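Undergrad: Sequence lines, in order, name chains C and B. So for the first sequence, the numbering used here puts the first residue at 344; every next one is plus one. So for the second sequence, the numbering used here puts the first residue at 653; every next one is plus one.
Misleading hints may appear alongside valid ones.
Derived lysine to aspartate or glutamate pairs resembling EDC-like cross-links, with alpha carbons at most 20 Å apart [claimed, not checked]: (1) B:Lys756 - B:Glu691; (2) C:Lys637 - B:Glu755; (3) C:Lys386 - B:Glu755; (4) C:Lys473 - C:Asp537; (5) B:Lys756 - B:Asp842; (6) C:Lys473 - C:Glu541.
For the record, the hints were derived by calculation from the structure and aren't laboratory data. Small disclaimer: the values here were computed from a predicted structure and weren't measured.
The chain contents come next:
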Amino acid sequence: MSRALPAGPGMARPAERAAAPAAPAKRRARDIDGGSPFATLYKWLFLLLVAGFVVVPLIATVLGGFKSLGELRTNPFGLPHVWEWSNYGDILFSARYWQLIANSLIISSLTVLLVLVTASMAAFVFAHIKFWGNRMLLNYLTMGLLFPASTAILPLFIRVRDFGLLDTYLGVVLPQVAFSLAMSVLLLRRFFKDLPEELLEAALVDGCSYLNFFRYVTLPLSRPILATVGTIAFVHSWNGYLLPLVMLNSDAMYPWPLGIMVYQGEYSAEWSLILAFITLTILPTLLMFLLAQKHIVAGLTAGAVKG
Amino acid sequence: MVATALRSRRTDGQLPALLLFLPPALLLFTIFVVMPVGEAAWYSLFNWNGFGRPTNWIGLRNYFSVFETRAFGLALRNNGLIIVVSLLVQLPLALTLAIMLAEKFRGSVFLRMLFFMPYVLAEIATGLIFSFVYDGDYGLLAAIYRAFGAEAPHLLASADTSMAAVLVVVVWKYFGFHMMLFIAALQGMDRNLIEAARIDGATRVQQLRFVVIPLLYPTIRLSVFFAVVGSLQLFDLVMPLTRGGPADSSQTMVSFLYTHGVMRMRVGYGSAIGVILFVICVTVAFTYKRWFMRDE
Chain C
344 MSRALPAGPG
354 MARPAERAAA
364 PAAPAKRRAR
374 DIDGGSPFAT
384 LYKWLFLLLV
394 AGFVVVPLIA
404 TVLGGFKSLG
414 ELRTNPFGLP
424 HVWEWSNYGD
434 ILFSARYWQL
444 IANSLIISSL
454 TVLLVLVTAS
464 MAAFVFAHIK
474 FWGNRMLLNY
484 LTMGLLFPAS
494 TAILPLFIRV
504 RDFGLLDTYL
514 GVVLPQVAFS
524 LAMSVLLLRR
534 FFKDLPEELL
544 EAALVDGCSY
554 LNFFRYVTLP
564 LSRPILATVG
574 TIAFVHSWNG
584 YLLPLVMLNS
594 DAMYPWPLGI
604 MVYQGEYSAE
614 WSLILAFITL
624 TILPTLLMFL
634 LAQKHIVAGL
644 TAGAVKG
Chain B
653 MVATALRSRR
663 TDGQLPALLL
673 FLPPALLLFT
683 IFVVMPVGEA
693 AWYSLFNWNG
703 FGRPTNWIGL
713 RNYFSVFETR
723 AFGLALRNNG
733 LIIVVSLLVQ
743 LPLALTLAIM
753 LAEKFRGSVF
763 LRMLFFMPYV
773 LAEIATGLIF
783 SFVYDGDYGL
793 LAAIYRAFGA
803 EAPHLLASAD
813 TSMAAVLVVV
823 VWKYFGFHMM
833 LFIAALQGMD
843 RNLIEAARID
853 GATRVQQLRF
863 VVIPLLYPTI
873 RLSVFFAVVG
883 SLQLFDLVMP
893 LTRGGPADSS
903 QTMVSFLYTH
913 GVMRMRVGYG
923 SAIGVILFVI
933 CVTVAFTYKR
943 WFMRDE
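Assemble the whole structure, with the sequences as input and the hints as a guide.
TA: So, in structure tokens, the structure goes:
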């Protein structure tokens, strides 16, 4: 599936291959509706119902940030009668919000960078170099797919503490990288293996070293899979809660999921402020989703399937 | 001659790559994944608060006390409930939507994206949004109750309803992901089979029942597997909603591990929970491999 990624422009994903062949559009349209107009009606009612279930909480959250507390109580669903810009304004002009976003960005970027570097190098070796123990070491890494970080969270905490990395970005980043390695190496290795074998042979004959081949041939050809693996690592790191919760203990280091929990604790009943804060923290995620939906959808589903 | 030259060239340059490329990943993995898991097994045999070295060996007593803790039973039950709801509600919902949206028509791509969106949102944000939805004073649910002149319930604050409330959020957040799995499978499917069935006079329902669904079995298994694994990892979503409460009524395995092990710095006890969770995860993974992948 991941191999199909580069092909589709815009929204067209692996899908296209199968859907494309001739069958006239008209007949297919009738296909889904089962023909009868009632079926179409029920189908749309059902789809709208589910869409409402998904969207109403989100819209109410965004709009809630524009309401005064009093209005929120009487009118939680509708548009605000008086648009209260101060909730959003106060947060956007607070150092606190930007500190959280900055921390999250630093942690996620470091994680992505380290995952891409270490995983692609290892995947390259597993894909192209035959040595005694290749298979064994790959299986060893693949064990990482079997269990989540939470199973070993306490020893992990003690380890990070003994390294003196508690309350540092690295204390969160290194375990995150380690736990994403298994999936990343598998995805990358498969892609590397699917690249034409002749490339490597030709390069070797011409006296190119493995290191240069990796640097100048494999990596440039692997941009789509690197984007997919990077996106998966980024989303997990950006949204991650348990590892930072255990490893960090000063507000100044908190990424946004921790910060927003603290914020909620402080302003427990001031829902309009909290809703504005939630909106502003999910905004980067939603923007990224809209911009990179191709990689995110394909990455998260393909990544999961490969596991 | 050429072949041997080629071969030696091939092996010549391999060593630097091997020595440079493999160690970073292997070291990170060993230090931060494999060793902690081993240490969890070791620490779980001690009564230890994390300071100094573990010296107070108590054998398997941590495990006994985990099994005796009421919250552990509740966590297991809740993880089971999540799996049941995933199978009975989420999976049929995702499958139905996938069958509707796998075809191209106006709005289908938009709806797919819309339904997938909750999966991308952070669990923490989702949990907070729904703690607003459920809020007895300001929440959306409260407004609906008030519109009918009824007293708004505090769902999250009652031990009887807290888990049900969490389950709704679980479905809200994850059905889109399962839908996408099915859509990907449906689009990879050989349309000729469906066409053949149609030409042979199969009705729409028969096509689904006898052709499409059987072809989807591997994906259905995969979806079940993810539901099980996801349930075993569920934590971030529960924290902003209930923190496992009230009275442990909405604990999951991981939130139980966090609230009873990590927060109280009971390293031995918490490690024992971790080991139990580890054993469950590995068993699930191998069972899946054994029973579900053999005919592929």
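Undergrad: Starting from Lys473 (chain C), check that the Cα of Glu541 (chain C) is at most 20 Å away, please.
TA: holds, 16 Å
Undergrad: Quick one, are Lys756 (chain B) and Glu691 (chain B) close enough, alpha carbons at most 20 Å?
TA: violated, 52 Å
Undergrad: Given the hinted pair Lys473 (chain C) and Asp537 (chain C), is their Cα-Cα distance within 20 Å?
TA: Given pair Lys473 (chain C), Asp537 (chain C) holds - Cα atoms ~16 Å apart, limit 20 Å.
Undergrad: Could you grab the alpha-carbon distance between Lys637 (chain C) and Glu755 (chain B) and see if it respects the 20 Å cut-off?
TA: holds, 18 Å
Undergrad: For the pair supplied as a hint, Lys386 (chain C) and Glu755 (chain B), is the alpha-carbon distance within the 20 Å limit?
TA: Distance of about 13 Å is within 20 Å: holds.
Undergrad: Do the alpha carbons of Lys756 (chain B) and Asp842 (chain B) lie within 20 Å of each other, as the hint requires?
TA: Distance of about 16 Å is within 20 Å: holds.
Hint violations for this structure: number 1 only, all remaining hints satisfied.
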